[in-house]
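So you can see what is in the structure, the chains are spelled out below.
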Amino acid sequence: MNKIWILFKREYRAAVRTKSFIISLLLVPIMMGGGFAAMIIMEKNKDTDDKKFVVIDHSGLMTRPVNQALETRNSEEIFHTITGEKIDAAYMVEFMEPDLQDPEGQQLSLSARVESQELHAFIEIGPDILHPAGEETKAYLKYYSQHSFNDQIRYWFQNVVNNNLRELRAAELNLDETQAKDLLWWINVEGMGLVTVDKRTGEQQEAEKTNELQTFLVPYVLLIMMFMLVMMSAIPQLSSVMEEKNEKIAEVLLGTITPFQFMMGKVMGGIGVSLTTAAIYVSAGVFTLNYIGMESLIPVDVLPWFFIFTILFILMVGSGMAALGATCNDNKDAQSLTFPGILPAIIPMFLIAPIIADPTGPLATTIALIPPFTPTVMVMRMASPVTIPMWQPIVGLIGVTLYTIFTVWIGARIFKTAILIQGQKPTISNLFKYAFKG
Amino acid sequence: MAQFRTVQFVNTGPSGLSPGLHLKQKTLRHTKQFKKKILSWNLRNSNYSMMNIIELSGVTKTFGSVVAVDDLSLEVPKGSIYGFIGPNGSGKTTTIRIIMKIMYPDRGKLLINGHEHNSDRLQNVGYLPEDRGLYKKMKIRELLKFHGELNDGTDLSNRINHWLERLDLKAYKEKKVETLSKGMRQKLQFIATILHQPELIILDEPFSGLDPVNADMMKDIILELQQKGATIIFSTHDMAMAERMCDYILMIYEGKKVLDGTLNHIQNQYGNDTLRIQSEMGVAVLKGMKGIENVNDFGKLQEIRLEPDVDPQKILAELLKKTRISKFEITKPSLNDIFIRIASPERKEAGNE
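Keeping their order, the protein sequence lines are chains A and B.
Residues 1 to 438 in our numbering are what the first sequence lists, from first letter to last.
Residues 1 to 353 in our numbering are what the second sequence lists, from first letter to last.
Derived by calculation from the structure, the hints in this document are not laboratory data.
Don't take each hint at face value.
[What the hints assert, rightly or not] Taking lysine to aspartate or glutamate and the EDC-like style, the derived pairs with C-alpha atoms no more than 16 angstroms apart in a straight line are:
1) A:Lys-3 / B:Asp-155
2) A:Lys-9 / B:Asp-220
3) A:Lys-248 / B:Glu-55
4) B:Lys-136 / A:Glu-243
5) A:Lys-9 / B:Asp-106
6) A:Lys-3 / B:Asp-152
7) B:Lys-137 / A:Asp-333
8) B:Lys-137 / A:Glu-247
9) A:Lys-437 / B:Glu-142
10) B:Lys-257 / B:Glu-75
[Unchecked claim] With the Cβ distance kept under 10 angstroms, some of the chain B side facing chain A (calculated, not the full set):
11) Phe-63
12) Ile-102
13) Asp-131
14) Arg-141
15) Glu-142
16) Gly-153
17) Asp-297
18) Gly-299
19) Lys-300
All C-beta atoms, glycine included, are put in the ideal place defined by N, C-alpha and C.
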């Protein structure tokens, strides 16, 4: 055990002291933070240049309401409520009579004006928008612009037109304001967490409203983090062991330590590096969420599971990779073995969507109980707002522990034999031979 | 113990040696005989393990269809220097790896200090493998500290300084291993091997790649370590070094033991069949001469191997008829010569026929 510790220290220091480790440690938060910063900068530097539109209103109903909405917007909405600073673009609308003789010609000339950037867009309002029933093709609202798909301004016109149409229809039916409101009221479904009892106080806790961030972001972040940790500490074992084999460092060390101690020292070193990284990221995350007042997003209950599963996952994949590394003679061998090695980490990445969509469904439950996938999938499910039965993480943990013991055992057998053999290819039959015959 | 010595002196060495050499040889032979006596005595007392640090019996190791080590038995007495010689690929490294328990034999037994091996590593052993392997990115001091700690469990910083100074590496203490030359790396690895003062030191070709000054320095240190009580096993291709340093020599050829014992014991197997001659005519004088099996010409000196049962005096008489002789020495074959006799391609061909 003492020798594993000495090797662990060497591996840990060798990894942590490298420039690449420090750079990657800083780079990931900088990149993530940079994304937020970019969003904030984009928000601040919003395009506040005034925009001109032409509206061709075949219905003849919309001139007044659009003008009213424009007035409110241009005099109030585009200015900051406190500073009075202009924060959004003002819209100018020119109403144009529809050219009934040559509608295509009119569209073409307006398109040319958009293209020359004199206009931002032009809008056509269909003739039968008030009573579309039976005349659906004549009830349209068309927004012509260079990038209409990305152009969020079209929703401003959509809202103005539809709100006004509702008012007009309510008036036609002689409904008063309350009746109209009742008629048009749409109820949105709210996703709620479960009602729990506070273990300390015994008080019933109110169910919390779940939101999209929690459903998607938290499991996603945990999965990505686990994937990153495996990629940074378990996967490099392959090339690291191969290098030590080829440079005969392995033989020097094997005079003093057993192959098992050697392998474990290395894998433990990897776990140490990962836990350092994880601790830094998790505490940075917790701090940030606290700072911005979103501490409810911190999956406090899941974090211990996250750490336990991450350790087992790295142990599992790392010892496998170390064993495979011992069988490699050159980079070509290593490359061909890296992919199968990282499959347990990659496959859950492809299954994020279905698992998050239905964390308690048969697919998610089954995959979560297959040991190579348990660490990622189980943590992802636990971090989702749905409560999964408690037996599942426990059974998953037992399964992963047994499977990890198995991979470490078989990895050690392969490692022991292969580390001194030169020039044999890491074929499946050779791997079996190393593992079972020695 | 006195009676063993009496037994010993009955077996006097062959004649024709200088008195000093004779005496030395007797002492060495005596040591060997003495060891055997003690062995049998100890066997009766079931405590013979005190004598040999390593014992191999009937060790065989195969790789696929290749028999790397074939039924090898060996006893390495405590405190001795044991030299392993043999051509490339003869099984020296495999034998060493088996002793180091890096490899396990297919058959046969390995006793270390009289105990059958368990699965754990050897304690108190220093091992310098044939291929040097050091972490290139580590600093010299860190690397030695790591090896020291791994072997000894403690911080050996003081000894590190001592050895770095001794082997002229002090200036590189804070440099990375990758900045060192090949010879320097070898010295560094040698320090890593002996830093924890092991009782058994196994060196696979410790002198290869070293210049004469450094090789000499290393030789002195090895002898010093022996004096302090360490047992040293080393393999080498440098026959002169093996002759001068080793108490015992083992030669392996194609996985089999072909020679084992003290230098004198080995040389005696071949008898005094070697002549060293210096004459005015040089090698030309030997042309067409009968009774000569092989001539090794060194220019100023010719080393001749006689055919069996040829009288050296007859050769001398014949030579004197032809030329003036300035040196004529009847001697035993050198280790180098013995090596070549065993491992030369001709012999191999003859063996295959």
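Margin query: With the threshold set at 16 angstroms, check whether the alpha-carbon distance from A:Lys-437 to B:Glu-142 stays at or below it.
Written below: violated, 38 angstroms
Check: When the nearest CB of chain A is found for B:Gly-299, is that gap smaller than 10 angstroms?
Finding: Not OK, violated: B:Gly-299 not within 10 angstroms of chain A, min 40 angstroms.
Notebook entry, point to check: Per the CB criterion, is B:Phe-63 less than 10 angstroms away from chain A?
Noted result: holds, 9 angstroms
Item checked: Restraint check for B:Lys-257 with B:Glu-75, where alpha carbons must lie at most 16 angstroms apart -> holds, 12 angstroms
Check: Quick one, are B:Lys-137 and A:Asp-333 close enough, alpha carbons at most 16 angstroms?
Finding: Distance of about 24 angstroms is beyond 16 angstroms: violated.
Notebook entry, point to check: Hey, A:Lys-3 versus B:Asp-155, does the alpha-carbon distance stay inside 16 angstroms?
Noted result: Judged against 16 angstroms, a Cα distance of about 13 angstroms means the pair holds.
Item checked: Distance restraint between A:Lys-9 and B:Asp-106, which requires alpha-carbon spacing of 16 angstroms or less -> Outside the cut-off at roughly 36 angstroms; violated.
Next item on the list: May I ask you to test the interface hint for B:Gly-153 with respect to chain A, counting a Cβ-Cβ separation under 10 angstroms as satisfied?
Entry: holds, 6 angstroms
Next item on the list: Compare the distance between the alpha carbons of B:Lys-136 and A:Glu-243 with 16 angstroms, and conclude whether the hinted pair is satisfied.
Entry: The hint holds at about 11 angstroms.
Item checked: Minimum beta-carbon distance criterion (10 angstroms), B:Lys-300 to chain A -> violated, 42 angstroms
Note to self: Between the alpha carbons of A:Lys-248 and B:Glu-55, is the straight-line distance 16 angstroms or under?
What the structure shows: With a Cα-Cα distance of about 27 angstroms, the restraint between A:Lys-248 and B:Glu-55 is violated, given a limit of 16 angstroms.
Checklist line | Agreement of B:Lys-137 and A:Glu-247 with the hint, judged by alpha carbon distance not exceeding 16 angstroms | finding: With Cα atoms ~13 angstroms apart, B:Lys-137 and A:Glu-247 stay inside 16 angstroms; holds.
In this structure, the earlier hints numbered 2, 3, 5, 7, 9, 14, 17, 18, 19 are contradicted, and the remaining ones agree with it.
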